[in-house]
Amino acid sequence: MEILFKPWPWYVSGPLIALVMTLLLLMEKRFGMSSNLRTLCAICGAGDKVKFFDFDWKKQQWNLIVIAGVIIGGFIGSTLLSNDVAVDLEESVVQDLNAMGFKDAGEAYMPAKLFDLSVVTEWSSLLLLTIGGFLVGFGTRYAGGCTSGHAISGLSNLQLPSLIAVIGFFIGGLLMIHVIFPLLF
Amino acid sequence: MRRVIYLLIGIFFGIVLIKSEAASWFRIYEMFRFKSFHMYGIIGSAVGLGIIALQLIKRFKIKSFFGSEIIIPPKDKGITRYLVGGSIFGLGWALAGACPGPMFVLAGAGYLPILLVILASIFGTYVYGALKDKLPH
Chain R
1 MEILFKPWPW
11 YVSGPLIALV
21 MTLLLLMEKR
31 FGMSSNLRTL
41 CAICGAGDKV
51 KFFDFDWKKQ
61 QWNLIVIAGV
71 IIGGFIGSTL
81 LSNDVAVDLE
91 ESVVQDLNAM
101 GFKDAGEAYM
111 PAKLFDLSVV
121 TEWSSLLLLT
131 IGGFLVGFGT
141 RYAGGCTSGH
151 AISGLSNLQL
161 PSLIAVIGFF
171 IGGLLMIHVI
181 FPLLF
Chain E
1 MRRVIYLLIG
11 IFFGIVLIKS
21 EAASWFRIYE
31 MFRFKSFHMY
41 GIIGSAVGLG
51 IIALQLIKRF
61 KIKSFFGSEI
71 IIPPKDKGIT
81 RYLVGGSIFG
91 LGWALAGACP
101 GPMFVLAGAG
111 YLPILLVILA
121 SIFGTYVYGA
131 LKDKLPH
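Protein chains in written order, with my numbering: chain R, 1 to 185; chain E, 1 to 137.
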């Protein structure tokens with residue numbers, strides 16, 4: 001049991017993610033989390049103004065149920081199945097993050113600088129979270145999928161467009177971490 | 001019944017995401033610094049087994065739980081939308097440290113500022129939809 005409470009190694013987690021994708025295929029559905037963001041737009045009535053959101057969102061209800069489960073899973077995994085959520089980062093990464101002002105690197109799951117409730121009074125943190133979220137939402141729909149739809153499902157199906165998208169994910173990610181982060185932190 | 005199965009699959013996926021640390025901002029940072037094999041191991045083993053699973057489904061014409069043929073339509077051809085859209089996604093993924101699955105995991109785990117990321121990502125999706133016909137694809 002004890003091993004369940006520790007962070008799960010990659011060789012357990014990766015195969016389990018492949019299992020989730022396969023189970024959804026056997027349920028005649030496709031693994032893709034970002035589609036829910038489009039569905040949520042449609043539910044909010046965006047279809048009245050923008051044709052892209054004018055579709056029968058009820059057919060996507062299954063995926064909203066999956067995401068509701070994901071929220072519950074996040075709660076269960078972080079409370080009932082964890083006694084220490086510190087992420088054991090590589091030592092030089094901890095040092096670099098400390099120097100950038102992320103003092104809890106190696107000791108927490110998420111940086112307090114961005115994800116502690118106290119950020120509600122830090123306009124700079126709120127701005128970064130908003131920009132980050134916006135780019136994820138805009139980019140994922142532009143690219144037609146996210147990590148689950150392209151990196152896992154698309155690459156598993158040997159799709160060239162998904163490989164191009166994943167290369168894009170890394171161009172953007174590397175640019176952010178290596179070029180923009182030094183300007184921000 | 002199907003709804004219960006979707007919910008259980010979601011709960012399972014959520015637990016895997018949080019316990020694998022794939023939902024940790026720190027792990028995403030570390031991945032883009034190429035300092036740890038962890039995230040590459042997760043994605044690599046998921047894709048490796050995913051390829052095998054899909055090949056088995058195709059070769060042996062494995063039917064769904066409900067007896068139908070499993071059809072996986074290919075992605076639309078193109079380069080621009082995948083490269084440009086993907087890069088924009090990557091910028092956000094590295095900054096917010098979360099992609100559309102982990103965002104919801106983190107909400108469940110109680111990291112409440114992630115709700116702002118979720119709202120902003122819904123808005124970003126809306127703006128894409130509104131500008132879709134003007135963007136190169």
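Hints in this document: simulated from the structure, not taken from any laboratory. As the structure is a prediction and not an experimental result, all values here were calculated from the model. Any given hint could be a false lead.
Calculated lysine to aspartate or glutamate pairs in the DMTMM-like style (CA-CA distance at most 25 Å, straight line) [unchecked claim]: (1) Lys59(R) - Asp48(R); (2) Lys35(E) - Glu91(R); (3) Lys59(R) - Glu69(E).
So the derived label-pair ranges between C-beta atoms look like this [unchecked claim]: (4) Ile70(E) - Glu90(R): 36 to 46 Å; (5) Leu135(E) - Ile167(R): 17 to 27 Å; (6) Leu183(R) - Ile71(E): 15 to 25 Å; (7) Pro182(R) - Phe60(E): 31 to 41 Å; (8) Leu8(E) - Thr121(R): 31 to 41 Å; (9) Leu183(R) - Phe60(E): 49 to 59 Å; (10) Asn98(R) - Arg59(E): 48 to 58 Å.
Glycine residues also receive a C-beta, built at the ideal position from the N, C-alpha and C atoms.
Status of each hint after checking the structure:
Restraint check for Lys59(R) and Asp48(R): satisfied, since their Cα atoms lie roughly 18 Å apart, inside the 25 Å limit. Under the criterion of a C-alpha separation no larger than 25 Å, the hint pairing Lys35(E) with Glu91(R) is consistent with the structure, at around 9 Å. Note on Lys59(R) and Glu69(E): the hinted pairing holds, with a Cα-Cα distance of about 19 Å set against a maximum of 25 Å. The hinted range of 36 to 46 Å is satisfied by Ile70(E) and Glu90(R), whose Cβ atoms lie roughly 40 Å apart.
The hinted range of 17 to 27 Å is satisfied by Leu135(E) and Ile167(R), whose Cβ atoms lie roughly 19 Å apart. Between Leu183(R) and Ile71(E) the beta carbons are some 47 Å apart, a value that contradicts the proposed interval 15 to 25 Å. The hinted range of 31 to 41 Å is not satisfied by Pro182(R) and Phe60(E), whose Cβ atoms lie roughly 51 Å apart. The supplied range of 31 to 41 Å is met by Leu8(E) and Thr121(R), whose beta-carbon atoms lie about 39 Å from each other.
In this structure the supplied range 49 to 59 Å holds for Leu183(R) paired with Phe60(E), their Cβ-Cβ distance being about 53 Å. Distance hint for Asn98(R) and Arg59(E): a CB-CB separation of about 51 Å, consistent with the stated range 48 to 58 Å.
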